[in-house]
Amino acid sequence: MAVSALSHPGIIDGGEEVDQLYVETRDLRLTGFLLFMVSDLVLFSSFIFAYLYMRNSGQGWPGPGGPKLDLALASLNSIVLFGSGATMHFALENWKHGKFIKFANWLVATIVLGLLFLSGQGIEYVTLYTRDHASWSGSGIFGASFFTLTGMHGLHVFAGVIYLTVLLLQSVQGKYTRQKYFGLTAGTLYWHFVDVIWVVLFSIFYLL
Amino acid sequence: MDNLPHIERIIAAIFGVVVFVTAAVALKNDWRSVGLENAVFKGMLGLLALGAALGFFAAIGVVGRA
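As they're listed, the protein sequences go chains A and B. Using numbering that gives the first Met the number 0, read the first sequence as starting at 0 and increasing by one per residue. Using numbering that gives the first Met the number 0, read the second sequence as starting at 0 and increasing by one per residue.
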C-alpha cells in the first residue's frame, strides 16, 4: 500500500496549545520509558557478563572445531540494523517539521530494514544449524550463549517492528499531532536502544 | 555463490560509511539541543556511529575474529 495513497488527516497543527497536564505527564512517561529501557539493559547485561565471564574462564573457549560465524553476513546485517536507526531518526525529524509523507516513508523504510535484519539472522541460524549442527541446546555453552543473546535481541527487533507498524497506523489515523507525539519519541528511543544493544553483541561475538 | 561473502563485505563497507556519516551529521545537528530526551538521543546516535564504524572495519577485514 503506497503511503501517499493513504487517507489521513496529516499532522494536525492548528496553533494547538500544549497544555500543562500534557507536559507533566509527558515527562513522567519519558521517565517511565527510560526506566523500562534500563531494566531491559540490566537483562541483556546479565547475559552478556555471564558470557564474557565464561569465555575468559575457559582456555581458548569456544575452542577449535566450534561453530564458525559468518563475519561478512554479520557485518552486512549489522549495517542494515544501524541504517534502520538512521531512517528512524529521519522519520521523527520529519514529524517534528510537519512533513507527514516523508515521515511515513522513512518509518516504512525502518520497518523494512528491521524485517531484513530478522531475515539475515534467520539465514545465519539456518546456516549454523545445517553446516555446523549448531543449536541452542546442542553446541555447548557457546551455542547457548550465542543463541540466547542474539535470539533475545531478535525478539526485541520483532517486537519493535510490530511497535513501529502500530505507530504508523496510529499516525495515519491522526492520533498524534505536531505538538503531542510522545508515542513516536518512545518508538524512536526503543529502536535506537535495540541498535545500541546490537553494537555490543556484534562486538563480543564477531569482533573480540 | 563463492563470491557472496565478498559482495556482502563490499555492500556492508559502502553502507557502513553512509550510515556513519548520517549518524555523525545527525549528532552534530542535535549537539546543542538540551533536555533528558535529547541527551539520550545524542548518546544513542554516538553509539550508532560507533557501530557503523565497527561494521565498516569488520567488512574490510581490519577487525573481526570469525
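Hints listed in this document are in silico derivations from the structure and should not be mistaken for laboratory results. Please read all numbers here as calculations on a predicted model, not as lab measurements. Ideal Cβ placement from N, Cα and C applies to all residues, glycine included. Worth double-checking, as some hints may not be accurate.
[Claimed, not checked] Quick look at which bits of chain B chain A covers, simulated, 3 or more residues with Cβ under 8 Å:
1. 1-10
2. 19-26
3. 40-49
4. 52-63
[Stated by the list, open to error] Straight-line C-alpha distance at most 30 Å; calculated DSSO-like pairs for lysine-lysine:
5. Lys27(B) with Lys95(A)
6. Lys179(A) with Lys27(B)
7. Lys67(A) with Lys27(B)
8. Lys67(A) with Lys41(B)
9. Lys95(A) with Lys174(A)
10. Lys174(A) with Lys67(A)
11. Lys27(B) with Lys101(A)
12. Lys179(A) with Lys41(B)
Each hint tested on the structure:
1. 1-10: holds (count 6)
2. 19-26: holds (count 3)
3. 40-49: holds (count 6)
4. 52-63: Per the Cβ count (7), the hint holds.
5. Lys27(B) with Lys95(A): holds (18 Å)
6. Lys179(A) with Lys27(B): Distance ~25 Å between lysine 179(A) and lysine 27(B) Cα, so the pair holds.
7. Lys67(A) with Lys27(B): Given that 30 Å is the threshold and the Cα spacing comes to 39 Å, the pair is violated.
8. Lys67(A) with Lys41(B): violated (35 Å)
9. Lys95(A) with Lys174(A): Status holds; Cα separation ~15 Å.
10. Lys174(A) with Lys67(A): It is violated: about 47 Å lies between the C-alpha atoms, which goes past 30 Å.
11. Lys27(B) with Lys101(A): holds (22 Å)
12. Lys179(A) with Lys41(B): Roughly 21 Å between the alpha carbons, so the hint for lysine 179(A) and lysine 41(B) holds.
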